[in-house]
Every structure is written in structure tokens, then in C-alpha cells.
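Visitor: So the chains spell out like this:
There are 2 protein chains.
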Amino acid sequence: MSGPTESNGGARPASSPEEGAEWLRGKGKDADVVLSSRVRLARNLAGRPFMPRASRDEREEILDSCRSVILQSGLAQRMMWMALHLASKEERTLLVERHLISQQHARGRLSDGTGGLKEPRAVAASVPDERLSIMVNEEDHLRIQVIRAGLAFEEAYQAIDAVDDALEQRLDFAFSPRFGYLTACPTNVGTGARLSAMLHLPALKMTGELEKVKRAAQDMSLAVRGFYGEGSEAAGDFYQLSNQTTLGKSEHVLMHELEREILPQVIRYERSARAKLLDKRKNALEDQVHRAIGLLTHARLMSTEEAMHLLSQVRLGIVCEILKGTDLAAVSRLMLLIQPGHLQQVIGQSLTQEQRRTARATLVRSRLKTSSRKGAG
Amino acid sequence: MSGPTESNGGARPASSPEEGAEWLRGKGKDADVVLSSRVRLARNLAGRPFMPRASRDEREEILDSCRSVILQSGLAQRMMWMALHLASKEERTLLVERHLISQQHARGRLSDGTGGLKEPRAVAASVPDERLSIMVNEEDHLRIQVIRAGLAFEEAYQAIDAVDDALEQRLDFAFSPRFGYLTACPTNVGTGARLSAMLHLPALKMTGELEKVKRAAQDMSLAVRGFYGEGSEAAGDFYQLSNQTTLGKSEHVLMHELEREILPQVIRYERSARAKLLDKRKNALEDQVHRAIGLLTHARLMSTEEAMHLLSQVRLGIVCEILKGTDLAAVSRLMLLIQPGHLQQVIGQSLTQEQRRTARATLVRSRLKTSSRKGAG
Numbered sequence: 000m001s002g003p004t005e006s007n008g009g010a011r012p013a014s015s016p017e018e019g020a021e022w023l024r025g026k027g028k029d030a031d032v033v034l035s036s037r038v039r040l041a042r043n044l045a046g047r048p049f050m051p052r053a054s055r056d057e058r059e060e061i062l063d064s065c066r067s068v069i070l071q072s073g074l075a076q077r078m079m080w081m082a083l084h085l086a087s088k089e090e091r092t093l094l095v096e097r098h099l100i101s102q103q104h105a106r107g108r109l110s111d112g113t114g115g116l117k118e119p120r121a122v123a124a125s126v127p128d129e130r131l132s133i134m135v136n137e138e139d140h141l142r143i144q145v146i147r148a149g150l151a152f153e154e155a156y157q158a159i160d161a162v163d164d165a166l167e168q169r170l171d172f173a174f175s176p177r178f179g180y181l182t183a184c185p186t187n188v189g190t191g192a193r194l195s196a197m198l199h200l201p202a203l204k205m206t207g208e209l210e211k212v213k214r215a216a217q218d219m220s221l222a223v224r225g226f227y228g229e230g231s232e233a234a235g236d237f238y239q240l241s242n243q244t245t246l247g248k249s250e251h252v253l254m255h256e257l258e259r260e261i262l263p264q265v266i267r268y269e270r271s272a273r274a275k276l277l278d279k280r281k282n283a284l285e286d287q288v289h290r291a292i293g294l295l296t297h298a299r300l301m302s303t304e305e306a307m308h309l310l311s312q313v314r315l316g317i318v319c320e321i322l323k324g325t326d327l328a329a330v331s332r333l334m335l336l337i338q339p340g341h342l343q344q345v346i347g348q349s350l351t352q353e354q355r356r357t358a359r360a361t362l363v364r365s366r367l368k369t370s371s372r373k374g375a376g
Numbered sequence: 000m001s002g003p004t005e006s007n008g009g010a011r012p013a014s015s016p017e018e019g020a021e022w023l024r025g026k027g028k029d030a031d032v033v034l035s036s037r038v039r040l041a042r043n044l045a046g047r048p049f050m051p052r053a054s055r056d057e058r059e060e061i062l063d064s065c066r067s068v069i070l071q072s073g074l075a076q077r078m079m080w081m082a083l084h085l086a087s088k089e090e091r092t093l094l095v096e097r098h099l100i101s102q103q104h105a106r107g108r109l110s111d112g113t114g115g116l117k118e119p120r121a122v123a124a125s126v127p128d129e130r131l132s133i134m135v136n137e138e139d140h141l142r143i144q145v146i147r148a149g150l151a152f153e154e155a156y157q158a159i160d161a162v163d164d165a166l167e168q169r170l171d172f173a174f175s176p177r178f179g180y181l182t183a184c185p186t187n188v189g190t191g192a193r194l195s196a197m198l199h200l201p202a203l204k205m206t207g208e209l210e211k212v213k214r215a216a217q218d219m220s221l222a223v224r225g226f227y228g229e230g231s232e233a234a235g236d237f238y239q240l241s242n243q244t245t246l247g248k249s250e251h252v253l254m255h256e257l258e259r260e261i262l263p264q265v266i267r268y269e270r271s272a273r274a275k276l277l278d279k280r281k282n283a284l285e286d287q288v289h290r291a292i293g294l295l296t297h298a299r300l301m302s303t304e305e306a307m308h309l310l311s312q313v314r315l316g317i318v319c320e321i322l323k324g325t326d327l328a329a330v331s332r333l334m335l336l337i338q339p340g341h342l343q344q345v346i347g348q349s350l351t352q353e354q355r356r357t358a359r360a361t362l363v364r365s366r367l368k369t370s371s372r373k374g375a376g
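Protein chains in written order, with numbering that gives the first Met the number 0: chain A, 0 to 376; chain B, 0 to 376.
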């Protein structure tokens, strides 16, 4: 165990833009549809005010208490800690793009609209894999997140359970025998657990069946959100499916329902839509996928949205075996690297939006050309 | 002189799809803007009824008289003759796509709506260059057309004048000392001459200045039409600019105005719009041109309209020196080969619209890849 790492005070990023975010690598069970399985627990320290009512001094104290425990509990081989009120805008953007912190946490805003950039808050993450991350002083004192590639809620749950136990040995969590874990927002009371799957559903989108899946999910109290969670748009046909309520059902029931019933059903729907497209509209599908490669390898200007959309098409082409020489890992990595923060990190300087469109197109071109050459060789 | 060639009665096309249509080769003066200069004369035989009033027997007689004169006057090294009332639909389509006959002539329709496929009518053309063609029994007994690559009205006019003289030695044309040559439609009376330039004006289109040029042209009694003349849409930003009236101005005045004043002005406008784009919107222009190449070299399905549009972008890229490895002649030839008739000719069989979209994409892909490899080598 190489022990804790801290990275604040300088311009050094959480991880190199090229490594980390293991969940984006396209591995794992059912990875053709499920990018990642994520479990999040909301925990609060007993005897301390919930965030909306905590003073600045109290927030500092909470931060200090959590910091030492998180960094010294052996939660991972290496843990990175970053105090966000001391971090630069660029660092915070990178963390959001890697799904390590929420957009709210980056801004220091609580859901009641209070707070700001200077509010004492932090994020800890296991590096370089980033499979564990802990937001401190977001909406709750602690938001623990474990993420795995593919459909792997049981594994993620076991891991987060161990983290939860380790922290609870040294921290006293607010808990009511009647309601369960107490949280700032009532929707998280109870288990305090949110389970989210990041899904790639391009075929359901194309066949128009996605709306049916969304309605069915809502009927089961599941929310369907965009690539960056609450309030974000679906980028490139990636959707987050997660539970809405945490009260009244144990994590286990929730998790088993998702892992063994609901997600296998969604996976079957998406695969059947892909099979239908390959059967009835093969030419159109091939055309679409090859056009995406054509644009990605030739365009000189590209927005994040377009790049995500085209990479999504290419991902579909790879998993449907239309594209043979293109590397799924390279495509998945590009989904991260084309985001504004990562792009500037790769280039090594801050860029205007117009410059980013040029740099993004250049990056995508060079990476995909290399990837196809490797794939073809 | 190898003498006349006739090609009716069989499936043999006017020329091979790969040769001919010299004007599309991208050579000639000011060829970056002017694809071709075309002069057309309308002539009618004296003592015979104009087409709308000619009986079937009279049309047969006119056709016979013209046929022997056209094929025996030494107008070109080799003249091809095709009787259109005996030709297949495929043969007629090829001729329209090569701009050797009008759409009306292909259908055997006069502008008054009478006529039909069985009306006796023909086309003669010099082969393989196709620089001279003569429609017999279109709206007038004879429509003589000479076409040259680039801005070359003086040369085209000299050539057509020689053809006109040669024919007039053996045919008696309807002529009034007061009005000039008499034609079926009053707009052609006088010189009977129409001069048309085929222009590539993508930059004026992009900068929105094309409308100004169109209005200015109309003020000078010039018509701006699409790629296939009257009633056709502008395909790929190609426009035909031609005179509307033939009465009251000698061919010479008309021709000099076009060749020395009006077209040089349009050419300057287009070039200045290109320079402006290269100066102010270089990134956007490069992006657009490279995207066009990306789609042309990757798509699996493509309509004629899209192909024309993308080839037009590529042509712009070549003349603006954004694309260095792509051959202008290959691009120009593709503009012909992607048309439905030529496409089926190249493939060697009749195809449904859906099959054509696939075949067109395949053809374009293979030709452009070969062309870039050659260009890069």
C-alpha cells in the first residue's frame, strides 16, 4: 500500500488524462450495452448539522474529520485528495468530466441554491483506477461512489459495503432505527443508496422504442437521465438509469432487481433492436456507422456534442461488428478526451471554444487513424 | 475523317460512359469558375411547318432531310446519329445526363404539351468529344449546340458558325430579312442563338451573395438556371447563365458582352468570395471540404443530389488548394458517372433506386480512393 496522495495547491490534475476512469474502457459483463454500474451511498456525521445548515467553520471541521479518516483507512492502494475550494476551474472541470464529482459539487452549490466556490469541500478518489470516489460536503457530508465497468452491481455493492464499514469504524454516521441512514434530502433517506447504470442505447433510440423503455422505467420508480446525470442531456445516446427512492427497500432487493431483472431486460431490448436494424436496415446502419468514421477522420472542426454523437455511432458499429479495425478502448477513451477540460489538458494549454473545436477534430483524427492502423495490422 | 456512325437499334450507348463530355474535364480558361461555354442555334427548314404544326409524315421528312445532310457535311471527324423514337429509355437518359439532349427532347414533348415518345426525332453528336451536337425535331427543326470547356465563347461561336455555314450550303433555313432566323418560339427569333455558361459558384452561395448576382443578371436579361437547364434545380452549386432574348442584338455583341464583360465580372465576384472565405472563414471552409471527402470516401448509401453537393464541395477544395491529392478530372468525371443512367451503364445492369444509392456510394468510394492515391504518389 503506497498510502495517501494529496494533490492540491498545484496545477497537477487528479490523474493523467490518458489513464484512469477504468469504467470507460469498454470491458466488463454486457459491456456492449452497459458501460458502467455505479453505487453511491449518502452518509452524514452524527451530531453535526446537515450541509444546508452547517456554518463555514462547521464545514471545515467536517472536512478535516473526514479527510484523515478517508486517507488513513486503507480504502485503496492509493487515494488522491483534492480540496475543491482551493482547486482551479480546470481541475474541477476535469473531475466533473471523469464523473468523480457532480456539477453541483464543482460549483460548491447546494440544491437550495446556497454556497459557492469558496465553500470548504473536497473529493477523494482511488488512483489511478478511480473505481472509488468520495465527495465530502456535497449535499451530504459524504457521498461514497464505487463504479465498475459493465453490469457489475453485486461487485460494486460488495466494494462499497467494505468502504462503508471501514469508514463507520472511525466515523459515527447519523442513523435512525426507524428510517435508516439520515440524509439532507428525504429522497435519499433509508438505505441512502443510489444505483445507476450507464447505458448505451443507440438502437432503441433509432427504432423509436426508447420512449417505451423510459416510460416502463418510470413506472418502476427508475429515472432515466443524461450522460452527466441530473439535468444533463443524453450525449451520444448514453443514458443513466437509476433508482429514485431509497426508502422502504433494502439495497439488496434494489440491487438484485436491477442486476438480475430490469437491466437484463433493457439489455435484451437494445440487443433485439440492434438485431432488427442489422436484419431490416443493414445498409442504412452500415452507412450511418461508416459516415461517422468518415466525419471523425476528416472534419477540421468539431463540437463536443457532435463528437459524442459520432463516437456513439462508431461504438455501435464496433459492437455490431460492422467496423472490424477500430479499437473500442480507443473510442471509449476519446469520449473522455474530447470533453473541454480533458482536451485542454491533453493540449497543455487553455483554449477558446473555437480553438477547442479545431483541437478536438485534430485529436480525434489522429487517435482514430492510429487505432484503425493498429486494428487493421 | 472516319465518317458517320449510327448507333440505333441496339443497346449500344452514344459513347462509353468513361469517355466523351470533354467539357466536364475541368480544363479551359477560368475553369475554376466556368465549367463550359455553350452556344446554341435554332434553325428551321424553309417551306416546312414549324414543329407544333408538323404532321408525323412531315416530321419524318424533316428528319430524313436533316439526317443525310448532317452525316455527310463533314462537320466532325465522326458523327453519331441516334433516332430517339427508336431509342431505349436508358439511352435517352444517358444523352440527357451528358447534356446532349434536353429533357423535353428525351420525352418527345413540345413546349405546348403535345407529342410523345414515338414522335420522329433524333440527335447527332461528334464522338467521342461531344463538342458538337444537333437535336433534330426538338422545338425547332434543328438545335445546333457547340460546347467548350472553360470560358471560350469566341471559339465556340467560330465553331458553330462553321457548322451553320456548312449546313446552310445544303439546307434552306427559314429566314426573314426583317426579323432574322424564324423560330417556333418568338424568344428565339432573330439570331436564334442562345449562349450559356455553366458556372460553379459555391462561394457566392455560401456568402449569400448569389442572390445579388442573380438579380444583376436578370436586370441584364440573363437567366440563371440549374444544372440541367430550364426548370431544373441547381445541383451542387452549378448554375447556367444564359441570354433570354435573341432579337435585336447580334450574336457578336451578345457574345462579346458575355465573354469580355459579364462573365469576367461574375468570375471576379466568385473568386473574391472564395478569397474572403479563405481569409475570414478558412477553418470552416477546410472543415466543410474535408467533411465532404470524408463522406464521399465512407458512405455506403448516397443520393445523386448529395453526391453532387459533396463533389461540388470537393471541387471547391481543389481549386482553392485546400485539397492537394485529389484529381479534378476524377471529380468532374464522377459528376457524370453518379447520374442514374451513367451509374447503371457503369454497373452494366438496371438497378432500383435503393440499389443505385448503394452502387453510387461504392463507385464514388473506389474512384476517390484511387484518385487520392494517385494524387499523393
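Worth double-checking, as some hints may not be accurate.
Since the list gives no way to pick one copy over another, a pair counts as held whenever it fits inside one copy or between any two copies.
As the list claims (entries may be wrong) - Once the Cα atoms are required to be at most 25 Å apart in a straight line, the calculated DMTMM-like pairs of lysine to aspartate or glutamate come out as:
no. : residue 1 : residue 2
1   : LYS213    : GLU256
2   : LYS368    : ASP326
3   : LYS204    : ASP164
4   : LYS117    : ASP164
5   : LYS323    : ASP171
6   : LYS281    : ASP63
7   : LYS281    : GLU305
8   : LYS204    : GLU59
9   : LYS28     : GLU59
10  : LYS26     : GLU256
11  : LYS204    : GLU353
12  : LYS281    : GLU353
13  : LYS26     : GLU167
14  : LYS368    : GLU320
15  : LYS368    : ASP286
16  : LYS279    : GLU353
17  : LYS275    : GLU353
18  : LYS88     : ASP63
19  : LYS28     : GLU260
20  : LYS323    : GLU60
21  : LYS88     : GLU167
22  : LYS281    : GLU210
23  : LYS211    : GLU154
Derived by calculation from the structure, the hints in this document are not laboratory data.
Visitor: State for each hint whether it applies.
Guide: Each hint, compared with the structure:
1. LYS213 / GLU256: within (17 Å within a copy, 67 Å between copies)
2. LYS368 / ASP326: For LYS368 and ASP326, both the intra-copy (10 Å) and inter-copy (23 Å) Cα distances are at most 25 Å.
3. LYS204 / ASP164: Neither, since 40 Å and 67 Å both go past 25 Å.
4. LYS117 / ASP164: Neither, since 31 Å and 91 Å both go past 25 Å.
5. LYS323 / ASP171: neither (53 Å within a copy, 69 Å between copies)
6. LYS281 / ASP63: neither (58 Å within a copy, 53 Å between copies)
7. LYS281 / GLU305: both (23 Å within a copy, 20 Å between copies)
8. LYS204 / GLU59: neither (46 Å within a copy, 62 Å between copies)
9. LYS28 / GLU59: Classified as neither; 41 Å inside a copy, 78 Å across copies.
10. LYS26 / GLU256: within (23 Å within a copy, 70 Å between copies)
11. LYS204 / GLU353: Answer is between: at 24 Å across copies they meet the 25 Å cutoff, but 30 Å inside does not.
12. LYS281 / GLU353: between (36 Å within a copy, 12 Å between copies)
13. LYS26 / GLU167: neither (32 Å within a copy, 81 Å between copies)
14. LYS368 / GLU320: both (18 Å within a copy, 23 Å between copies)
15. LYS368 / ASP286: both (19 Å within a copy, 17 Å between copies)
16. LYS279 / GLU353: Only across copies: LYS279 and GLU353 sit 13 Å apart there, 40 Å inside one copy, limit 25 Å.
17. LYS275 / GLU353: between (40 Å within a copy, 19 Å between copies)
18. LYS88 / ASP63: within (23 Å within a copy, 85 Å between copies)
19. LYS28 / GLU260: within (15 Å within a copy, 71 Å between copies)
20. LYS323 / GLU60: neither (55 Å within a copy, 65 Å between copies)
21. LYS88 / GLU167: neither (32 Å within a copy, 84 Å between copies)
22. LYS281 / GLU210: within (23 Å within a copy, 41 Å between copies)
23. LYS211 / GLU154: neither (29 Å within a copy, 68 Å between copies)
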